[in-house]
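**Student:** Position chain S relative to chain L; hints supplied.
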Amino acid sequence: MKRREFIQLAGMGLGASLLSIPLMGTPVPLEALLMPRMSRADKRKLADIVLNTAKAGGATYADVRIQRSLNQYIFTREAQVQNIVNTESFGVGIRVIVNGTWGFAATDEVTPDGVKRAAERAVAIAKANSRYQTEPVRLAPVPTYGEVSWKTPIEKNALEVPISEKVELLLSANAAAMKNGANFVNSALFIVNEQKYFASTDGNYVDQDIHRIWPTFNVTAINPKEGKFKSRQAMSAPMGMGYEYLSARPEGKIKGPEGTGMTMYYQYYDMIEDATQAAIQAKEMLKAPSIKPGKYDLVLEPNHLGLTIHESVGHPLELDRVLGYEANYAGTSFATLDKWKSGNFNYGNELVNLYADKTQPYALGTVGYDDEGVKTKKWYLVKDGILVDYQAIRDQAHILGHKESHGCCYADSWSSVQFQRMPNVSLEPGKKPYSVDEMIRDVDKGIYIAGRGSYSIDQQRYNFQFGGTVFYEIKGGKITGIVNDVAYQSNTQEFWNSVAAICDERDYRLFGSFFDGKGQPSQISSVSHGSATTRFNGVNVINTARKI
Amino acid sequence: MRILSKEEAKQLLEKIISYSKADECEASLSGGQEGNIRYARNTVTTSGQVENLGASFTAYFGKRSGTVTFNEFDDESIAKAVRRAEELARLAPENPEHMPVLEPQQYIETPTFVDRTAQITADYRADVAGKSIAYCKNKDLIAAGFFLDNAGFSALMNSKGLFAYNRSTGVDFSLTVRTTDGTGSGYVVQDFNDVAKFDIEAATRIAAQKALDSRNPKALEPGKYTVILEPAAAVDLLQNMLSNMDARSADEGRSFLSKPGGGTRVGEKLFDERVTIYSDPAHPEVPASPWAGDGRPREKVYWVKNGVVQNVFYSRYWAAKKGVKAIPPPANGIMLGGDKSIEEMIRSTKRGILVTRLWYIRTVDPQTLLYTGLTRDGTFYIENGKIMFPVKNFRFNESPVIMLNNLEELGKPQRINGSLVPPMKIRDFTFTSLSDAI
Numbered sequence: 001m002k003r004r005e006f007i008q009l010a011g012m013g014l015g016a017s018l019l020s021i022p023l024m025g026t027p028v029p030l031e032a033l034l035m036p037r038m039s040r041a042d043k044r045k046l047a048d049i050v051l052n053t054a055k056a057g058g059a060t061y062a063d064v065r066i067q068r069s070l071n072q073y074i075f076t077r078e079a080q081v082q083n084i085v086n087t088e089s090f091g092v093g094i095r096v097i098v099n100g101t102w103g104f105a106a107t108d109e110v111t112p113d114g115v116k117r118a119a120e121r122a123v124a125i126a127k128a129n130s131r132y133q134t135e136p137v138r139l140a141p142v143p144t145y146g147e148v149s150w151k152t153p154i155e156k157n158a159l160e161v162p163i164s165e166k167v168e169l170l171l172s173a174n175a176a177a178m179k180n181g182a183n184f185v186n187s188a189l190f191i192v193n194e195q196k197y198f199a200s201t202d203g204n205y206v207d208q209d210i211h212r213i214w215p216t217f218n219v220t221a222i223n224p225k226e227g228k229f230k231s232r233q234a235m236s237a238p239m240g241m242g243y244e245y246l247s248a249r250p251e252g253k254i255k256g257p258e259g260t261g262m263t264m265y266y267q268y269y270d271m272i273e274d275a276t277q278a279a280i281q282a283k284e285m286l287k288a289p290s291i292k293p294g295k296y297d298l299v300l301e302p303n304h305l306g307l308t309i310h311e312s313v314g315h316p317l318e319l320d321r322v323l324g325y326e327a328n329y330a331g332t333s334f335a336t337l338d339k340w341k342s343g344n345f346n347y348g349n350e351l352v353n354l355y356a357d358k359t360q361p362y363a364l365g366t367v368g369y370d371d372e373g374v375k376t377k378k379w380y381l382v383k384d385g386i387l388v389d390y391q392a393i394r395d396q397a398h399i400l401g402h403k404e405s406h407g408c409c410y411a412d413s414w415s416s417v418q419f420q421r422m423p424n425v426s427l428e429p430g431k432k433p434y435s436v437d438e439m440i441r442d443v444d445k446g447i448y449i450a451g452r453g454s455y456s457i458d459q460q461r462y463n464f465q466f467g468g469t470v471f472y473e474i475k476g477g478k479i480t481g482i483v484n485d486v487a488y489q490s491n492t493q494e495f496w497n498s499v500a501a502i503c504d505e506r507d508y509r510l511f512g513s514f515f516d517g518k519g520q521p522s523q524i525s526s527v528s529h530g531s532a533t534t535r536f537n538g539v540n541v542i543n544t545a546r547k548i
Numbered sequence: 001m002r003i004l005s006k007e008e009a010k011q012l013l014e015k016i017i018s019y020s021k022a023d024e025c026e027a028s029l030s031g032g033q034e035g036n037i038r039y040a041r042n043t044v045t046t047s048g049q050v051e052n053l054g055a056s057f058t059a060y061f062g063k064r065s066g067t068v069t070f071n072e073f074d075d076e077s078i079a080k081a082v083r084r085a086e087e088l089a090r091l092a093p094e095n096p097e098h099m100p101v102l103e104p105q106q107y108i109e110t111p112t113f114v115d116r117t118a119q120i121t122a123d124y125r126a127d128v129a130g131k132s133i134a135y136c137k138n139k140d141l142i143a144a145g146f147f148l149d150n151a152g153f154s155a156l157m158n159s160k161g162l163f164a165y166n167r168s169t170g171v172d173f174s175l176t177v178r179t180t181d182g183t184g185s186g187y188v189v190q191d192f193n194d195v196a197k198f199d200i201e202a203a204t205r206i207a208a209q210k211a212l213d214s215r216n217p218k219a220l221e222p223g224k225y226t227v228i229l230e231p232a233a234a235v236d237l238l239q240n241m242l243s244n245m246d247a248r249s250a251d252e253g254r255s256f257l258s259k260p261g262g263g264t265r266v267g268e269k270l271f272d273e274r275v276t277i278y279s280d281p282a283h284p285e286v287p288a289s290p291w292a293g294d295g296r297p298r299e300k301v302y303w304v305k306n307g308v309v310q311n312v313f314y315s316r317y318w319a320a321k322k323g324v325k326a327i328p329p330p331a332n333g334i335m336l337g338g339d340k341s342i343e344e345m346i347r348s349t350k351r352g353i354l355v356t357r358l359w360y361i362r363t364v365d366p367q368t369l370l371y372t373g374l375t376r377d378g379t380f381y382i383e384n385g386k387i388m389f390p391v392k393n394f395r396f397n398e399s400p401v402i403m404l405n406n407l408e409e410l411g412k413p414q415r416i417n418g419s420l421v422p423p424m425k426i427r428d429f430t431f432t433s434l435s436d437a438i
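Same order as they appear, the protein sequences are chains L and S. Number 239 in our numbering belongs to position 239 of the first sequence; there are no gaps in the numbering. Number 175 in our numbering belongs to position 175 of the second sequence; there are no gaps in the numbering.
The following block holds chain L by itself, in its conformation from the complex (with noise of 0.2 angstroms):
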């Protein structure tokens, strides 16, 4: 499913017509969700048996999962529960290296026979593709670990909770907008569990249970009189994190700033409090003034920042991409080798420092091992500005001159062949103290930015343009309002070389998710990315109001 099906589907686009059909896997009941599928010992048994008869046909390396997707989504609008769908997919998906080649097959069979078929099937596959091979793999090593395991560490597993109780939840939220002047109100909670059982000819066997979740909603106020509606989404994030996140814990909040009245959250969500705020600003929305175009400096929040981050520091520092094995789809980079062993190539200014972590807790991308069975970590991309690094996995760690994988391999579903996919990638906040409430102080003309918008780059990342969610006008240090149709345009170097300040790590939180999307056939990949509140001098502000 693709990632704009699958919003469309999420009630975000249309109406309730298509809700029925399922989402990334099949409906199960819940009580079958919460059912183990297969025992520990049973997948190892299954696992041996791919290993060996990939061996067996010439195979020099092998690749087993077993997987298990657990979803479970529920839709509602306004006073009504739309769907309620639990799917669960299960399958194994094999990966060989014959000839020096990739050989890749997956199958729902998950019997001695149907694995041994399906492994067969990999290695024929590889044999076949390697007659037009030209550059043999080379995998960079990986230690031993043996009979590992790792799992996500939520407090309460979203499954578990009743039904009930979730969609009083989203209820409750839709009633708190429409109480406050909402004309339509569409939420959603999207509950997601995988299962993975990696084995390897390396000898390493790895069982990780990881979890994630994400509430959302999407509150509209219209002027039927004019026929216009303005939209505002939800400030959550999606998180790796169970059901506590929903807790509304006041240690998660923290004050937006001065003049804008709202608050945003940390790891903790208040649903209730975010959709009462929603509907306020959708409603002031269709008074608001449109933006007039130019130059402005943008103060933007973490959870509008995280996309920028996203496409213009996390793709473009994806090696795949960098060498052209991403040429025909997500595209090529423009952060080339050349300016990587310059060592000298300005990515950003002095004050910005961009780091990869699979190990940073709360986030989406966060795993103990990746689809290769490496261990996990942390690693700069740019440091003091300077581009030092990119994202590489086993058979691309060579090409850097790395004597190990980043362990950033992932794939969507044991249908789908693991490549190299985006970890978490974040931005340091500032060194010294400096409140958001300082910031906007200390700008004269500008717009302050919150929550996610509208996103494109170019197939190199150079060009790109953002909108958000709320935008608040900064005049001579004080937060005037909202204004409408802003869209800003911006160079990715230009625009990390125009970072002004940073506010500190008391600011920083998570942006995330659910549809990183890259590959053909087309895979998808949770990840998050933090950042303090940042400014950014000078940037080009369209006005995107039309008249049709």
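It is possible that part of the hints are untrue.
Unchecked claim - Here are the simulated lysine-lysine pairs, DSS-like style, with alpha carbons at most 27 angstroms apart:
hint, chain 1, residue 1, chain 2, residue 2
1, L, Lys228, S, Lys131
2, S, Lys392, L, Lys339
3, S, Lys259, L, Lys225
4, S, Lys321, L, Lys225
5, S, Lys325, S, Lys300
6, S, Lys305, L, Lys228
7, L, Lys341, L, Lys283
8, L, Lys339, S, Lys218
9, S, Lys321, L, Lys127
10, L, Lys179, L, Lys127
11, S, Lys269, L, Lys547
12, L, Lys295, S, Lys392
13, L, Lys283, L, Lys253
14, L, Lys225, S, Lys269
15, S, Lys386, S, Lys325
16, S, Lys350, S, Lys340
17, L, Lys375, L, Lys55
18, S, Lys224, L, Lys295
19, L, Lys179, S, Lys340
20, S, Lys259, L, Lys287
21, S, Lys350, L, Lys283
22, L, Lys228, S, Lys6
23, L, Lys292, S, Lys224
24, L, Lys156, L, Lys377
25, L, Lys225, S, Lys322
26, L, Lys475, L, Lys283
27, S, Lys137, L, Lys127
28, L, Lys547, S, Lys325
29, L, Lys228, S, Lys350
30, L, Lys179, S, Lys259
31, L, Lys228, S, Lys392
32, L, Lys547, S, Lys137
33, S, Lys325, S, Lys340
34, S, Lys305, L, Lys547
Stated by the list, open to error - Derived CB-CB ranges, DEER-like:
hint, chain 1, residue 1, chain 2, residue 2, range
35, L, Glu226, S, Lys80, 55 to 63 angstroms
36, S, Glu76, L, Ser39, 20 to 28 angstroms
37, S, Glu109, L, Pro141, 55 to 63 angstroms
38, S, Lys300, L, Glu404, 53 to 61 angstroms
39, L, Glu226, S, Asp428, 20 to 28 angstroms
40, S, Lys80, L, Pro112, 19 to 27 angstroms
In short, the hints are calculated from the structure, not lab data. As the structure is a computational prediction, the values presented were derived from the model and not from experiment. We treat Cβ as the ideally placed atom computed from N, Cα and C, and that holds for glycine.
**Tutor:** Positioned in the frame of chain L, the structure of chain S alone reads:
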């Protein structure tokens, strides 16, 4: 092969439904196989094959429903699955918008399945990659491509006796060819139900020539230009517009089709009078399943005729509430055009830009259907009927509604991404900035 015949699917669905004691129920089956090969840097990178077969069963008690799926088909497994769905239905909240299952429907036959596409092998795929790579290598170009084939079936039955079945096959191919100096890039994208219509060498030649022609582009100032959008450039904007033609959003006042003061713009002339867009599952060039996922028959439907909005699509609930026919969303888009080739359209252009492809298209404003995105893989300046030189890529901010009002000319439609789209010449297309991307 997991493609059940019509009779096999019917028997299995009847068996599943026979186990249910619910007020109403429906069951569906789908299965098939999918193979692919991907190449880049003139070498094969990944390749795979996936098989799958599954069933879904939904039980209804009043306005409550429960759904399960399963992939084991012995009597005991089927009975267990049906029981579970019924238990879940009893626990579920009532859906006030619930609709009873459909009465039996009549479906037309559509030519979606082609045997030879279902017979594609790993060797065939390797040869596709091999020929494409060889052609590009020979010209000192770099190929990155993807070929995917699938063959499958789907079937639906409910307790009122509705039965629907369809088989389909397809191949999808796309290729980006870049020059070794990194200053040129070309693209081709094709899709067919019948693999015999696919010619890897001809397709590769298109992308390779675009790469060679697009080397060392010159920068033009952003602004409003006359553009010729090739079908691959126009298709996404058209499909995005069609997917926004939902009746309920329009009625609720939150769509580009909502009218100030209430009501919708159905019946209004919103586009140039040469704009006619319909969908038709039986169209021989772009066949689609004759039924929507919920069993509604798909028919030929005009969405826009001579510039006038004709229809919007409905959920069954919303149609019942409004007392109108429940037209399902379109399965394909067919836009009428003319007879001219792209070359002829260039010849009649005094000054303009030829766009091979638009990319990374995202909604900027749902009120006006304003989209942004970029040109990519072959953008050329036209003067006095001739392509003069390649130009740097542009970012655009444009609405298909405005674009289809600024129509100059339509060319001969081509199949693209399951739809039939003509190349179109548009005046005053809005480019807002330049991109250095090749």
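**Student:** Hint by hint, where does the structure go against what was stated? Just the numbers, ascending.
**Tutor:** 1, 7, 9, 10, 15, 19, 21, 22, 28, 29, 31, 32, 33
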